[in-house]
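There are 4 protein chains.
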Amino acid sequence: MKFKRIKTPGIAHNAYILATKGIGIIIDPRRDLDEYFDYAKKNAINISYILQTHRQEDFVLGSKALKELTGSLIVAGENPVSVNADIQMKDGDLLEIEELIIQALHTPGHTPESVSYAVSFKDNPENVWAVFTGDALFIGETGRTDLPDKNKTAENAAILYDSIHEKILPLGDHVLLYPAHGAGSVCGGNIADYDESTIGFERTYNKVFTLSKDEFVVHKLHERIPRPPYFKLIEKLNFEGGAAAPINWDSIPLLLSKEFEANAKSGLIIDTRLPEAFAGGHIPGSYSIWLEGLPVFGGWVAEENKPLYLILERNEDMKKALQHLARIGIDNVKGILAGGFEAWRDAALPIDMFDTISPQELQESTTEISVLDVREITEFEDEGHIHNAEHAYVGYLPDHISDVIRELPTDTKLAVTCSVGHRASLATSMLRQNGFKNLFNLLGGMTAWNTLKLPLEKGKSEKTPLDQISIEKDFPHQ
Amino acid sequence: MKFKRIKTPGIAHNAYILATKGIGIIIDPRRDLDEYFDYAKKNAINISYILQTHRQEDFVLGSKALKELTGSLIVAGENPVSVNADIQMKDGDLLEIEELIIQALHTPGHTPESVSYAVSFKDNPENVWAVFTGDALFIGETGRTDLPDKNKTAENAAILYDSIHEKILPLGDHVLLYPAHGAGSVCGGNIADYDESTIGFERTYNKVFTLSKDEFVVHKLHERIPRPPYFKLIEKLNFEGGAAAPINWDSIPLLLSKEFEANAKSGLIIDTRLPEAFAGGHIPGSYSIWLEGLPVFGGWVAEENKPLYLILERNEDMKKALQHLARIGIDNVKGILAGGFEAWRDAALPIDMFDTISPQELQESTTEISVLDVREITEFEDEGHIHNAEHAYVGYLPDHISDVIRELPTDTKLAVTCSVGHRASLATSMLRQNGFKNLFNLLGGMTAWNTLKLPLEKGKSEKTPLDQISIEKDFPHQ
Amino acid sequence: MKFKRIKTPGIAHNAYILATKGIGIIIDPRRDLDEYFDYAKKNAINISYILQTHRQEDFVLGSKALKELTGSLIVAGENPVSVNADIQMKDGDLLEIEELIIQALHTPGHTPESVSYAVSFKDNPENVWAVFTGDALFIGETGRTDLPDKNKTAENAAILYDSIHEKILPLGDHVLLYPAHGAGSVCGGNIADYDESTIGFERTYNKVFTLSKDEFVVHKLHERIPRPPYFKLIEKLNFEGGAAAPINWDSIPLLLSKEFEANAKSGLIIDTRLPEAFAGGHIPGSYSIWLEGLPVFGGWVAEENKPLYLILERNEDMKKALQHLARIGIDNVKGILAGGFEAWRDAALPIDMFDTISPQELQESTTEISVLDVREITEFEDEGHIHNAEHAYVGYLPDHISDVIRELPTDTKLAVTCSVGHRASLATSMLRQNGFKNLFNLLGGMTAWNTLKLPLEKGKSEKTPLDQISIEKDFPHQ
Amino acid sequence: MKFKRIKTPGIAHNAYILATKGIGIIIDPRRDLDEYFDYAKKNAINISYILQTHRQEDFVLGSKALKELTGSLIVAGENPVSVNADIQMKDGDLLEIEELIIQALHTPGHTPESVSYAVSFKDNPENVWAVFTGDALFIGETGRTDLPDKNKTAENAAILYDSIHEKILPLGDHVLLYPAHGAGSVCGGNIADYDESTIGFERTYNKVFTLSKDEFVVHKLHERIPRPPYFKLIEKLNFEGGAAAPINWDSIPLLLSKEFEANAKSGLIIDTRLPEAFAGGHIPGSYSIWLEGLPVFGGWVAEENKPLYLILERNEDMKKALQHLARIGIDNVKGILAGGFEAWRDAALPIDMFDTISPQELQESTTEISVLDVREITEFEDEGHIHNAEHAYVGYLPDHISDVIRELPTDTKLAVTCSVGHRASLATSMLRQNGFKNLFNLLGGMTAWNTLKLPLEKGKSEKTPLDQISIEKDFPHQ
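Protein chains in written order, with full-length UniProt numbering: chain A, 1 to 478; chain B, 1 to 478; chain C, 1 to 478; chain D, 1 to 478.
Take these hints with a grain of salt, some might be off.
In silico SDA-like links for lysine to any residue, alpha-carbon gap of 25 Å or less [said to hold, decoys possible]:
| hint | chain 1 | residue 1 | chain 2 | residue 2 |
| --- | --- | --- | --- | --- |
| 1 | D | K67 | C | E316 |
| 2 | A | K42 | B | L349 |
| 3 | D | K21 | C | P350 |
| 4 | A | K42 | C | Y194 |
If you want the ones that stay clear, here's a sample from chain C, every Cβ over 10 Å from chain D, calculated [what the hints assert, rightly or not]:
| hint | residue |
| --- | --- |
| 5 | A40 |
| 6 | E364 |
| 7 | A389 |
Hints listed in this document are in silico derivations from the structure and should not be mistaken for laboratory results.
Note that CB positions come from ideal geometry on N, CA and C, so glycine has one too.
Bound conformation, chain A alone (with noise of 0.2 Å):
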């Protein structure tokens, strides 16, 4: 048998290949493929079974294009996960692969449909050898139980708990875990940033197993992760089994730094820089988005029909940029900057910038800076956050800009703060296009800050966080 788990950055999803005698086995596989065809080519693997734990949210499937490209057949539980599967299994049903036994454990509790797959071989079939859980139970934390419906969140986490302990927990100590996601995914909370576990290990620290069945529910009831737009378009992609990935990933124009202007003008324009180089010099408007975080806040900015164009940091990053975006299902790039932010500065074009600030600056300046801090509610409440600190969340940020500029003006003194200053860079590139004219990033962030024990406030601000301010309208915002 071989086995091989392949890891897409950035969502931090895992795909699992099995193979047993050329037989390729393929579970949860994300729509661009390259990857998993290039193991199937080096290990001589026919891809023949793709196997679905659940829909996904994150993520756009690969399931109904790699079917029709190699003829695989798509394994499902018996909820449909999506409308095109050629197998539904019953919880508890088998499903032999040559020297492979699949059974299908349905595990709800993180969305309805979803089922784990227990692997064990014939010759010792009473024990199982691994189980892929999907976004049942991660390594050190459970799915989220809010994606449903937000109002049953405490009900479904109630059945993710039996779930878990009905049907993974019996397979024993000595299996593998091998779940959908690992650390930095936004299906889980809080996830271990190690990869390897087992059910026996699990059980002596992952909440659902150290808590109480209602200890359980408080908990999940306290995650307030945010809840990205886009979302909601994966999950009717997916519905579908997903969608090919559409791109060929050189062939979007490189537009010199003019016709980039011209076109972007109808467009959105992200910077994928890092913040020192986005504070240094960047495009007016342009919103600044690091390579890596392009898969979880690119959905936050991104608008189904607004072109979108991008400044990479270098020319070569093109395909990963477009494959961070394409995975959730972010198609319309329609331009790079061909020389990126060089070739723009060297062209004369309009450049803004902002500063940044050290924490030990901000710390003993003597003007006044105000502080805005764009974590999520519980990394701020939780972890900590800086004596009169404003907060919202940077994602909700363009849906509140009114009430931060009612708290805030626009002429505030105002440092932004994330855990390192990633977020605080895209949030501070909204503030700006939003009239703000004194911004700093906080370079190292809460992280820098707590490295140097300066002084930090835990619990509930005194004030009301500024994405809560107004009511919520038409996107149910936490």
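Following the hints, complete the assembly by docking chains B, C and D onto the known chain A.
Structure of chains B, C and D alone, referenced to chain A:
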């Protein structure tokens, strides 16, 4: 200005990219565009113009596809290369792009629409820097003149002679020469094995300059280069501007041995390993075409309505093999043998093998071994052949197999030879399919034979070449 | 924490990198370090600790070289793995590195100094996450116990049994198992073909757990794995901490055919092409070892004072071939045949070839063909062999060639077989060097033979294996 | 024949490989040889001859190293390029290698030992195909003539003029021109930005042909190209045939932030990020040299006895950065900041930053901002500068810092400019180290300034350049 030659091995094709101030000009692009986009990306170039020298017969153009992806303008001469030129240049017309001046020079003879492009700089407009001659003038050679109409070979040779003497020669000795093909192309008989030359250097040894016009016509009449059957298809495609490369190179299914066997029954199998490996063991009925030989000999073997199945030396060769075939318009590869011949062999499926023989052994053999020489007729006559060798060009073998069998019954001990053994391996595989039992591939072929200074005969054979015995039917062989 | 297994094909070796807060810990590094540095570079890791499980016999360690380049500390058990350990851990000792706790567990049996390392996290110290077992416990297998002293195989098997039951088993079912070797290693008889397991899963099928201690000892006595001659050299090198990879992989001269011929006269030639290609044509006197077989069989063929010359399927294989050899301490490659066998063949230099035969042909042959089976004795006996087949392990052939000739005169029609044909090709090349004239490589070997369900005999042969006929001399064959 | 130009970016160097029948000839190899070996490997070439045109001052030769690895013969002119030539060719001497004829032409002027090599084919010996001119004749330029002795610039210019007119010009218009450097080299003032030319094309515009000898001498006297301090070291090394590349590119330690901080105290830090990123945040005291600028400006900053520490935009740039430095003889890089500036920033270590300013902002500024122009003196005078700008060449800044401070006190608001902002960033980092507080990097530099058609002054400044105020001491600045 940036300048880059991008070679396509197998078809020995040269495309060229010129770029000035980020504006890219590409000359004669092939249909698989990745390498061009890659260069554009690395150099921050926006591809904007596609210059076509002529229709091309030996590879599918990428003009149309490139235009669609980049919005480039297609430039051609006065006579339509294809239906979709955006700019048609009369003889002598100038096109100015930033600091470059491009002049069109009508240079018919290889084909009637052939045009060359002379490039100079605006600050030195009287002096041409380089000329892109398409298939008119190669390094050390000229384009073949038998393609538009075999019966007008002489007439077209005279036209070509005039084109070069009247349009190219006056540009001056100092002008750099950039043709569309290098050594190994089927578009010219004997192109030099280096790529760099000037008009002045050609003047010292290229036959179009060292021969008189009459001598040149006689020389061209003697060329007798085979005309592969796929030329017709390509000309038709290229009249439409070529075709986008249709293939996701990595997604052709890797078929396990038994599935490969079942599927391949309704198609053709091409084995791309080297002659020794093919002799040592191969799938019965498969064709032997070494990897780099695919873009020429694949076109002699492939049939439009039969799916192709490939045996690769290494799975990693998949992309290269598919590109080689796609470049000559063959897109119907339906499967690759997963794990290659090794997997087939270990699966105990049927195997065929034949012998190899060294020149020394053949010369010293005490039993009678007939010799079949499958090189081109001019190689056979001009470079010399083994005494009593029969001749039939490898590409014409299938159409003349009954003539071959009449002369050489299928139980003849038969050594097959070409220049080193590649084409002989293909011929041997064809003979095997037609019942020949006692075949040897002469390892090293006539190259090794000559190195050993074994006896050689030059000039016409006393025997009629086997591929000319029966009346030519639908396909106009030489 | 970051965690990465880095496999070395050919020797089926696993090194592991753990990293916490940028501090890297590497377990059992090989001497060519590029891949480790590459991972460190991509992940911003400063390699700081080198954990050694034991001395290793089958590959040269990189500990010393890595220490010199990075200033890392070498960690070993109480008994000296090598002379240069910076930290020697007693059984049960703890080493804390940021959030990790590493506990040394003395697990002798494979070798007396063998130590395993159990890793846990400071915030969950009671529960071990994973154990690195070196060659004590593999997936589905245990380390061979005949290496320190063949006569103490049983005694060491008992020690190993106790080590695993007393030190590894108590860690708990949930613990991840990371051994130093995977399937194909010469350090264990029958390692599973997957890499992921846990102590609990092993408990359900690994013989060290399913057999009683006495049964286990008998089982280990039956293993009879060949002991390659290069083990001695490697043990000596590794006692010094191994050796830096001495080779600039790309600078070994590519010798033109005639120069290769002249130079190779005073050395040994290894041809790394596949068996079919070798049969179809090869340099007289060369050894046939397929590329991936070099790190095992290269060690049976190479001689310390004779330069090696290589024939590669492709020039691009140079680095891989040199690495394969260097990893087992063979650094005296002095030339590569430029252009491979193709160049030699076209240069008309002497060529040898032999026949191949398929199982069906062998079975149906009307002329008598003897069979020589060159697999390991346990493959021959336990998996079955062809009726009347002679047996001699490929590695022992050269030392027993006179015994072979006595039994099978050099004009015998002789089919050579192994599992698929690779080792048979090496054996055939050895026999050829000793005057055998009528050799066949049985394509597909016993694998194909079995697939076709041709007649098979199991158990001891009536005949004494050829490699045990004469009295063993200086080298203690089994 | 095979022919390949291998460019070295940064130093704008061309090496060339010629190969005939597998015998390789390399011209002017650099010390890091991988790319040459790679080409040799792909093309089955045995490198056998090393042709040296002259000693080279701007990069370390690889002749000696290559000779030792391959046994190649070193070829040079009559006057010793280095101590270890195997073949010394008198002016006009011929060297025949298979079908090639190589003629040595003594072409002094750039340096006294300079030799060019004219290549022709045996079957057309009267006509030279190409000439390799080293630093005598470039595309559109000639080699600088001030190197051997600044006071003999005119004399050497006259010698160079004669060399080219007497030795190169007579070869004929048709001859291909292959010099040792392209655009961007410090060995010539204004080399064309394309690489392909002929003697005949040069004749139409290269000043060595369009000027009279006297005019040419005046022209060369005007060049005033800076002479980097590392030239001396390189000349010494190259007299010994250069030096092997000493570095395993991947094994330089990646130092974690605190360790980097501690170690770098006794050395120099070079930050290779782009100017905007450096302005946005950097390590106090570090030098700003963009990656591609290392092989020129690294040599102005590095000190022989001080270890170097690097900040890279990406860890993956390590090899490129080390190669850039090694090529000019700087081998003492002792550490790379693991994780780059991001890691430093997040570790809350000290950070410095300064402002950027756009040309428009500078022009419209209401507060007074002084301007320091750090381009070469000819750029400043001939291309024009901002009114009242002070001038000091970036390379000479450290030696003249007291002059600068005298003229521009350290609290001056000071915008630093060059052509686009790279050299200005280096100058700014130098000024910062010397106490300047109010610095701006003028983004886009004079390129953007000119594009905006902002006011420009040409010719000599009224002020004495700052780098010429104090008396030149030990190092003979211009």
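> Which hint numbers does the structure go against, in order from smallest to largest?
Replying inline: 5
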